[in-house]
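Q: Whenever a hint applies, use it, and build me the whole structure from the sequences.
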Amino acid sequence: DLAVVRVQSTNAVPPLRFRDGSSIRPADPIVVVGFPYAGLLTQSPQITTGVISALAGIHDDSRYVQLTAPVQPGSSGGPLLDSSGNVIGIVSSKLDTMAAAEWTGTSGWILTLPENINFATKNINAREFLDANHIAYDTAPSTTKLDAADVGELAARSVVLVGCGGPDQAAVSVGVSDK
Numbered sequence: 001d002l003a004v005v006r007v008q009s010t011n012a013v014p015p016l017r018f019r020d021g022s023s024i025r026p027a028d029p030i031v032v033v034g035f036p037y038a039g040l041l042t043q044s045p046q047i048t049t050g051v052i053s054a055l056a057g058i059h060d061d062s063r064y065v066q067l068t069a070p071v072q073p074g075s076s077g078g079p080l081l082d083s084s085g086n087v088i089g090i091v092s093s094k095l096d097t098m099a100a101a102e103w104t105g106t107s108g109w110i111l112t113l114p115e116n117i118n119f120a121t122k123n124i125n126a127r128e129f130l131d132a133n134h135i136a137y138d139t140a141p142s143t144t145k146l147d148a149a150d151v152g153e154l155a156a157r158s159v160v161l162v163g164c165g166g167p168d169q170a171a172v173s174v175g176v177s178d179k
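First residue of the sequence shown: 1, per my numbering; consecutive thereafter.
It is worth saying that the hints were derived from the structure and are not from the lab. Careful: at least some of the hints might be erroneous.
[Stated by the list, open to error] The calculated lysine to aspartate or glutamate pairs, modelled on DMTMM-like cross-linking and capped at a C-alpha distance of 25 Å, are:
1) 122 with 28
2) 145 with 28
3) 145 with 20
4) 122 with 153
5) 122 with 20
6) 122 with 150
7) 122 with 60
8) 122 with 138
9) 122 with 61
10) 122 with 147
A: Right under this line is the structure:
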């Protein structure tokens, strides 16, 4: 699910740019910015890193990429960024470890739980959503390589915590330019 949230604030939130040009590949480094367990943990953006592990999601769903960066409740809706700080996806979910264990038929005393199997919708899906709603956004080629700390610092200025329905249902919104 994607949504556009218009925030009226005196504090300018610089928009992130969507990656334009080159395709993402398995093993590409990534950075995730979000607010996992907001209210329990910090109210500041948290940064995790990993790689793209597959170019499709569950049952080979091509709308998603699989990533190794740890995500938790509150990470969903946050940007998935490449090493230039450009958005390549929106964090959407993680594999339900218990359901996966049941599906694989693991039984008895040996229980194998999958780890770090997380998903993001590809940036093309978000861009098509914005296009369909006539919302402008910026793109940029991914030519400059930054380290993960610099990508996280850049993104933290553009990601805000948006609460809906209470502190346990926090989401993250990426700043979008209003052209």
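Q: Which hints, by number, does the structure contradict?
A: none
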